[in-house]
Amino acid sequence: MTELLELSAARAAELVRAGEVSAGELFALYRDRARADELNAFLWVADETPDPPAADAPLGGVPLAVKDLFCVEGVPSMAASRILEGYRPPYTATAVERLVSAGAPVLGKTNMDEFAMGSSNENSGFGPVRNPWDRDRVPGGSSGGSAAAVAAGLAPWAIGTDTGGSIRQPASLCGIVGMKPTYGAVSRYGMIAFASSLDQCGPLTRDVTDAALLLKHMVGRDRCDSTSLEFPEPIELPTEERLDGVRFGVPPELTGEGVEAGVREVFDRTVALVEELGGTVEEIALPHSPHGIAAYYVLAPAEASANLARYDGVRYGPRARNGDLLSLYEETRANGFGAEVKRRIMLGTYALSSGYYEAYYGRAQRVRTKIADDFRNAFQRVDLVLTPTSPTVAFKLGERVHDPLAMYLSDYCTVPMPLAGIPAISIPGGLSEGLPVGIQVAGPAFSENRILTAAFALEQAIGFERRPFDDV
Amino acid sequence: MSEPPAERHYEPVIGLEIHVQLKTRTKMFCGCALSFGEEPNTRTCPICLGHPGTLPTTNAEAVHFGLMIALALGCDVAPRSIFHRKNYFYPDLPKGYQISQYDIPLARNGQLGDVRIHRVHLEEDAAKLVHAGSSGRIHGAEASVVDFNRGGTPLVEIVTEPDLRSASDAADWARLLRATLRTMGVSDVNMEEGSLRCDANVSIRPVGESTFGTKTELKNMNSFRFLERGMEAELARQEGLVRDGREVEQETLHFDPQTGALTALRSKEYAHDYRYFPEPDLVPLAPTEAMLTRAREALPELPAARAERLESEVGLPADTARLLAFRGELGDFYEAALAADGAVDARALASWVTNELQARLGDVEDPADLRVEPAALARLVAMIGERRISQSAAKEVLDVLAAEGGDPEAIAAERSLEMAGGDEIAEIVERALAQNADAVEQVRSGNQKAIGAIVGAVMRETKGRADGGEVQRLIREKIGA
Chain A
1 MTELLELSAA
11 RAAELVRAGE
21 VSAGELFALY
31 RDRARADELN
41 AFLWVADETP
51 DPPAADAPLG
61 GVPLAVKDLF
71 CVEGVPSMAA
81 SRILEGYRPP
91 YTATAVERLV
101 SAGAPVLGKT
111 NMDEFAMGSS
121 NENSGFGPVR
131 NPWDRDRVPG
141 GSSGGSAAAV
151 AAGLAPWAIG
161 TDTGGSIRQP
171 ASLCGIVGMK
181 PTYGAVSRYG
191 MIAFASSLDQ
201 CGPLTRDVTD
211 AALLLKHMVG
221 RDRCDSTSLE
231 FPEPIELPTE
241 ERLDGVRFGV
251 PPELTGEGVE
261 AGVREVFDRT
271 VALVEELGGT
281 VEEIALPHSP
291 HGIAAYYVLA
301 PAEASANLAR
311 YDGVRYGPRA
321 RNGDLLSLYE
331 ETRANGFGAE
341 VKRRIMLGTY
351 ALSSGYYEAY
361 YGRAQRVRTK
371 IADDFRNAFQ
381 RVDLVLTPTS
391 PTVAFKLGER
401 VHDPLAMYLS
411 DYCTVPMPLA
421 GIPAISIPGG
431 LSEGLPVGIQ
441 VAGPAFSENR
451 ILTAAFALEQ
461 AIGFERRPFD
471 DV
Chain B
1 MSEPPAERHY
11 EPVIGLEIHV
21 QLKTRTKMFC
31 GCALSFGEEP
41 NTRTCPICLG
51 HPGTLPTTNA
61 EAVHFGLMIA
71 LALGCDVAPR
81 SIFHRKNYFY
91 PDLPKGYQIS
101 QYDIPLARNG
111 QLGDVRIHRV
121 HLEEDAAKLV
131 HAGSSGRIHG
141 AEASVVDFNR
151 GGTPLVEIVT
161 EPDLRSASDA
171 ADWARLLRAT
181 LRTMGVSDVN
191 MEEGSLRCDA
201 NVSIRPVGES
211 TFGTKTELKN
221 MNSFRFLERG
231 MEAELARQEG
241 LVRDGREVEQ
251 ETLHFDPQTG
261 ALTALRSKEY
271 AHDYRYFPEP
281 DLVPLAPTEA
291 MLTRAREALP
301 ELPAARAERL
311 ESEVGLPADT
321 ARLLAFRGEL
331 GDFYEAALAA
341 DGAVDARALA
351 SWVTNELQAR
361 LGDVEDPADL
371 RVEPAALARL
381 VAMIGERRIS
391 QSAAKEVLDV
401 LAAEGGDPEA
411 IAAERSLEMA
421 GGDEIAEIVE
431 RALAQNADAV
441 EQVRSGNQKA
451 IGAIVGAVMR
461 ETKGRADGGE
471 VQRLIREKIG
481 A
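Residue numbers (the working numbering), protein chains in the order written: chain A, 1 to 472; chain B, 1 to 481.
With the rest of the complex left out, here is chain B (with noise of 0.2 Å):
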């Protein structure tokens, strides 16, 4: 007896298509340097413009960084892959067909966190169109030009197996695959620019189903936030769908992140047939024992690795330790803060570069970027440690240290931000015990509350440059509570 359907509990099924934009030096099939907001039409040959009588050769940079992208993903690397040509026409596509790679890719079989990779291949970038008048699109616009600089760009294609069951785990996983990316130097992995493109395959089954729903096509978002949105308000339109008695149909949809709604890109009545076939114009990709050597030696610890590493080795707490992989540059700084100085306490450490010193980044993407030195962090927290400085007063110099840089040391000096020393405080303490005597009255008589007026006083005074545990073992002492 099959339950009513408004009673079935759903669960997501999502896979991605992800396109990497390579930062090679030239493009996949021409000798053209790639375009970072050149004038258009100003990186362009006769291949990549398609003229008469052109070949393609294939970068051998670009296969070499389609190896690395293989090999970090633990893939099988095929030995003979082959390029077929795709055909279609389009203003964006020269020859008329793209040169991608079809039933046997560059590389299979592969996982990345608790994902597996179905296929990894390379091909080439489209030209990019631009659409004068209202609608922004093809259709009804007054007139279109084309910018061939993009046409040629490397890509690397990855593709995953329907393993994701939600859309926030689906978007953290990008974020791995995009710090994974990112790490290895291959690519520079801007959703906004396009240099990261994510696609995604969504259905939804009854819970406890093996069988597929019927998959939608979520194209191009380009930010992680709005790709988890889209996710989201798709999954939810499907849902609607389902438990109306009606059927999901298959279809490629946009999300518009600004109004939330979802339209169909394509109908499956427009689907091309893309006649693919070998390209003749290329021989065969046979990756040697080299150049998989080459590409092996080439990865650097890649961020699932390094979270690993800092969790067991180093003692990290599993968030902590994920967010400073996942963003290798708070990783290396923090890395090399460490290094900086024996006696700081790696937890404490990793707490300030992820939130203090994470929270001055502003704009800038690298903590390198900023004049505080990692060994100057590291003395700083350091300080803490050591009961020099507060919590506050540290932050305190750390602004200056973003700002300025310098000596944590050197500057807690200067503005008299160390903590007050014991003569001191013993002074302040007594005065705020003579203005206090209401309070300790009422700590005498057993209200052990009314010691934080006592406290409160003395950290006025000090400015906060006292440890407030110091001062109350201090006022106990000498009220004998």
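Chain A on its own, in the form it takes in the complex (with noise of 0.2 Å):
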């Protein structure tokens, strides 16, 4: 039983091929270990066991965490919201559908930040997720369920979805593997809106070869999403361990001022792993990155002040009262959303409204486009930007909740990059305080293969030791 557990999802998925490990014991297992969760990273665990896998099924049955944000046909599915409590969508997410095809059934739904509005997995209307590394810490957000699911071993991997950091974040927090794909790279249809321009899913995972199995067979164009796109080479299996050639740029804006000294620390020394492994280290400037926060804020916000319009009682979720429709509406809408949800509505709603909406959306465009010029600048000169994933390493349940400003200051180094569209993988790269710090590494869009090559070849050379499993 404990070797099962010890497999990666990739050497899980070869073995049950071989037809040496039961995709029904692997299921069993796992499904065993995220009842008994103790982090309350699941909002729902599967009953049945999956059908065995074909054969020939690249995920070999290898049971899959799914963020609560994705539709899963007939499966609680709520966005972690009480605005959705009891929801069971008619229809499945595309990439779930497309990774259950592959052969990764559905385990359960995992705990994340309400509508993905988050960096702690506080913001849960079903109450926060622990961190395996230590319990009064938080897991990150807002993925912060799938994170701390496969970083406990309670899943062989998972998926969440980025938009500003929240698959990236929690890797880093949680001490496992976690990439947000090119936008459009893989289809958004059937996660549930946060901010729509931003949003992308992607895969969490004990290594960076899980992770590129996962990611291969979540790309893709879908009809159903008219932003997604052909991906334009397969996603390949990283085996490289060398960084011979490769240009890694360091930008100060994101590896300076805010990020805590242990957590520079485990960076320099990634820095100089890099040039070990036969690559090239240079400063790179990317000057308007400092204001991606600010117009995150903004932009994010405004998308999602219309993405949750949606959720009036009318047609499905809870519904306050069925008295007059301006009280239904009221009533619904502030017994369902939390504080955080709230805020951002209110926010985003201010930043469209006549008369502001150029002061604030047009001129967050225009920082956006200014930050996506940024990175195409710097790609000229480097293959890839290297920056610590979150400034700081776990931090302390309530620690940051009454301090909105602080919390989203979690993102500082992972929002530019879905601002700019561009790729980027959280990867270990050791401790701080006996906590988990995550190494970014982010490439121009659709170079998730360069990406992965590079990560894989850091992750030999770090052989950082994972938390063991607890018995459960």
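Do not take every clue at face value.
[Unchecked claim] One side of the interface only, derived from the structure: several residues of chain B facing chain A at Cβ under 8 Å: (1) His-51; (2) Pro-52; (3) Leu-55; (4) Arg-85; (5) Asn-87; (6) Asn-201; (7) Phe-277.
[Said to hold, decoys possible] Derived contacts from chain A toward chain B, CB cut-off under 10 Å, selection only: (8) Leu-69; (9) Tyr-189; (10) Ile-192.
Everything labelled a hint here was simulated from the structure, so no lab data went into it.
As the structure is a computational prediction, the values presented were derived from the model and not from experiment.
Ideal Cβ placement from N, Cα and C applies to all residues, glycine included.
Reassemble the complex: the two chains are provided individually, in unrelated frames, and hints are given to aid placement.
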């Protein structure tokens, strides 16, 4: 049993295909662990054992934890919000459907910040998730449940979504791998929308190879998502352990001020490793990225204010009272949404209001263009950009709840990439104060293979020792 | 020195906003079939119900129809137009926003007839609310239910410049637009069923001024007649206000055709802030050269051009040409008939189609649904020209043709409706002269009018099968007058 648990997802899939491991046994192992979850990582765990996978199923029946933001037909899909309590969608998200048909059955739905709005998972309508490294600390967010589940061995792998850092930051805080693909690489159909122009779905895994394998079966054009694109090449499983000739850029804007010393130390060690592996490192300028947070907190709430308008109690979800129309709206939404969601709806509504649109939304869009231009310029000179993923290690539960601005700064290093639409991965770089520190590698649009290759080489050289899984 | 207001003359300034439901196979942003009176909420899917996680995808056929309309109206098509979200809460709007177009519409700057087109854009229709209770409105209703079948139906909105100067001109122009859209086959253009909806922006200004007065908006009239009456009523109201030295307030009005009353729908205090922003779920709409060519090639001859051709090439009077062109199905019947019989007089045939044939349509929209064939009508009208049948007898034949179909020659023969021939007429004239000796005497003594009594007798005898002119000629010949 313990041996099964230790297998990476890619290895487990291989062994299932070789007939050496039973998919049913694997599913049962993780279902039992997910059910015994003490981290509040799961909001729902599958009852039924899925049919055995096809003999050649590339994902070999290895069960998948799915962020509650994804719609799965007949399965509670609530975006961790009370306003969708009891909602079971009539359809399945494209990304989930693709993974299921490639042989990864849904193990359960993972907890998250309500509507993916948060960086600590404390904004869930169903209670916070705890970090397996220190249960008094947050796992990060918004894909905190997916990250904690993978880090604690409650799931072999998971998918999450990233709008401003929601895959990479929790991956960083939980000591696992998390990747946000290029905008448009993975269909958003069936992913409950937070900020449509930024949301992207991606893998949270134990290692880079698992991330590559999962991503390989997620990408591709989907007729149901007009913004999705055909991925220009197949995603490859990385094998190269050297970084010879790979040019890395380090932006002082995202590696200096605000990055705590322990994180900086791990980052510096990683920079040194890059050079040892044959890569080059140079300083690059991303002059507009310090404005990323400000632009992000105009654009994302603006889109969210429209995306969340449909939760009105008319067609699905709880309805406050069948009274007069205005009170139906007001009470349903007052009861259903948490404080952070309400804050962002109000921010976004304000930013789009007549007379303010140009000053906020228009200006933020221009900043967004500048940030994308910065990256475009940087990628003239370097292949990849290297930064810490999070300025800090996992913080204490409750520490930033009453200081939204401090909370927003958790995404300082991760926000510029979705604003530019480019892919980035977070891999564990080491420990600081006994807690994991994530290293972020970003590249130009559709450079996923390049990023995965570099991340794999670094991962091999770093030799991060993950936290031993608890028995349940 | 300004004139006292009462002496001034005012002119109406009218612009129209027309919503056209497109006759596509499926909805604007999902794969649901359009609804034509199906059971409520049977033409829905997670997308048009606004379920979490769903995304819109643009209907290519709706874009095609939109481009056809834009080209038919002579507009400049935008190389890249953008969809926006128009945000407001209402139960008929499942997503809490309508996907529409805002600052970069599909097309701009067109012209139809003598009215300039400001813009043409694509959007989705709202669902339908049904309110139980006495008011029929959402306020004070005991309960309201939503039928989402209509929600997401593709709409094209056409906005004119304020170029119209009377209510009747506005209604006439709207009829031309409807005929144009109908000819193109892009919409049912049925105002009662709501597939064509017309709002009017109405203001007045002193004749000779170039600035506009404050406008009011008349909403959603369900026939051209009501549209015209509503505009007349509103123009009179505005003129009354101004003559009393009061001001027109900007508001949206509803015209009740039953009572003729105008009531305010929303005052500006409740004006929505729609918080428009670019729809991030859709990519810009960039019509390719192939799409434009396809739209251009799909355009049939449009009513304005057809009227022009019927007038200049066929030689029809302007009114008749317009009527045939704007009622395309009458025009089609007419042209088929004209082509079928080389002997027929084009103007006479046009008059028969627009008068006698149209009168026999009853509830039938399209004469193609009658039993009468175009060639049969052409033959019938040709027989009149050949003096083989009288006008009144021909109408009898047309009654039979409309009801049963058939060949006009055979029907006329069977029912003895053909013009009476030479010998028969001569005999009847002789008898009539003998029976109307007084009249004969009067004619001889110079009272030309008295001939009418003799002609009348002949016509009675022949049951109208004689040509009045020919009968007169014969009478004069016999009595030597």
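Quiz item: How about Phe-277 of chain B: closest beta carbon in chain A under 8 Å, or not?
Solution: holds (6 Å)
Practice problem: Please verify that hint: Leu-55 of chain B, Cβ, nearest Cβ of chain A, below 8 Å or not. | Solution: Since chain A brings a Cβ to about 5 Å from Leu-55 of chain B, closer than 8 Å, the hint holds.
Quiz item: Does Pro-52 of chain B pass the interface hint, meaning its C-beta sits closer than 8 Å to a C-beta of chain A?
Solution: holds (4 Å)
Self-check item: Given hint Arg-85 of chain B near chain A, where the shortest CB pair must fall under 8 Å
Solution: Holds, about 5 Å.
Quiz item: Given Ile-192 of chain A as an interface hint, is the shortest Cβ-Cβ distance to chain B below 10 Å?
Solution: holds (4 Å)
Self-check item: Interface hint for Leu-69 of chain A, Cβ within 10 Å of any Cβ on chain B
Solution: For Leu-69 of chain A, the interface hint holds, since the closest Cβ of chain B sits about 8 Å away, which is under 10 Å.
Practice problem: Grab the minimum C-beta distance from Tyr-189 of chain A to chain B and call the hint holds if it beats 10 Å, violated otherwise. | Solution: holds (5 Å)
Practice problem: For the hint on Asn-87 of chain B, just tell me whether its beta-carbon gets within less than 8 Å of chain A. | Solution: Result: holds, 5 Å to nearest chain A Cβ.
Self-check item: Hinted contact His-51 of chain B with chain A - closest CB pair below 8 Å
Solution: Check passed: Cβ of His-51 of chain B comes within 6 Å of chain A, closer than 8 Å.
Quiz item: With a cut-off of 8 Å, does the beta carbon of Asn-201 of chain B approach a beta carbon of chain A closely enough for the hint to hold?
Solution: violated (20 Å)
Taken one by one, the earlier hints fail for this structure only at number 6.
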